[in-house]
Amino acid sequence: MFISQTDPRPLYLQVKDQIRHRIAVGELKSGEEIPSIRALAASIRVSVITIKRAYLELEHEGVIQTRQGRGSFVSDNVELGDSMKEQELDQHLEAAAHAAAMLNLSEEELAARLLKVSRKVTKRRP
Amino acid sequence: MNTAASTDAFAMQGVRKSFRHFQLEGLNLQLPLGQIMGLVGPNGAGKSTTIRLLMGLIAPEAGSIEVLGHPMQEDAAAAKRDVAFVSDDMSLFSTATLAWHMRFVASIYPDWDEVYARQLLKRFNLRTDQWVGKLSRGEHVKSMLLLALARRPRLLVLDEPTSGLDPVARHELLTELMQIVRDDARSILFSSHNTVDVERISDQIAFIDRGRLVDARDKESFLDRWRRLSIDVPSGVTLPQLSDVVDLSLGERLATLTTDNYLPQLHAQLERTGAQVREVQRMSLEEIFVACVMRSRAGEPS
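For the protein sequence lines, the chains are A and B, in the order given. Under the working numbering, the first residue of the first sequence is numbered 1, with each subsequent residue one higher. Under the working numbering, the first residue of the second sequence is numbered 1001, with each subsequent residue one higher.
Hints are computed from structural coordinates only; laboratory data are not their basis. Take the hints with a grain of salt, since some may be wrong.
[Unchecked claim] Simulated crosslink set (SDA-like; lysine to any residue; CA at most 20 Å straight-line):
no., chain 1, residue 1, chain 2, residue 2
1, A, Lys52, B, Asp1197
2, A, Lys52, B, Ala1185
3, A, Lys16, B, Arg1282
Here the structure is a predicted model, which is why all the values come from computation and not from measurement.
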């Protein structure tokens, strides 16, 4: 895991996103134990309170489970990897929608642009 | 002493200390066990005075100070056994080697960890056989840090620990500090000008300016509450009266608003008048610190 100080996202969000990403790509599997809050804080040199917040939110979102005195684990949910990827996609789309609103693009214009980009990508990687 | 009952690494209450040209007033500050506190303030703000009071080096005129459950006025010796303190203006014996200092500190403090001390020598890139007086400033600071860390103190207090360190040594120091709080009974207080370091590793943050505690809270709520908004203000639109506005700069069509209590409702409040929120930015700890100090000074009688 790597934390960047030039990333505009706050530290706790970077931690959350990276754990989600690790689950999405299958590097962390259902039921697998993740580092304790203090161990992760020490290894990436970020305050304990920041990691605590990231873990709490991931717990509320059902991504991880913390068992008192036994540590934190990736939730037991086989679909997790896929749904995680979908959630990640939604986050990107949301960002795109915000940017479009700032440019005063209509929904149709935004959809047309997405289609264009999508076709370009599939052409590149058949 | 009932140290076991105490859940604070230290607690200062209503502390006052005055000097001829400077006064520290009504200081309340505490740090829960297992946490790191960053003390931030301009030069002459009272950071070192706060630390010296806490370490029992000077006595307060009023108020109480407890360190690791021990009242500092009556029981400083008990607290000091488990506290290590490193400050910029301390120095080691210039005509002795680091090896001599290590033996000296080890003979006083039974918790001295020789294995850890050897590891730190390597990580800090220090030699034990040179006279301390011949060391560079950075090496001198690193030597003092080594002597403090290897005692395995329960409370580590560092006054400007990263000033004078090169980027590699700074990195090594922050790594060591984070290793310390893997143990949830050990705590660290450090003062720094470097808000990037403070923002990264602190659990608690305290801002001091002109002898007063301007704000102190946990880092996450500090960073969460502050935002800067860019607002489009069409002609004829007047922004509403809003609470929690720290700063508002108005141009002809654009306004920049800084708030220390950001809530999503703010958007509706602004947009009801016809204004449009164009961008919401989080603020770095440095920006928050400067805004805090400016506001605090604006409220003072000059």
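Numbers of the earlier hints that this structure fails to satisfy, in rising order: none
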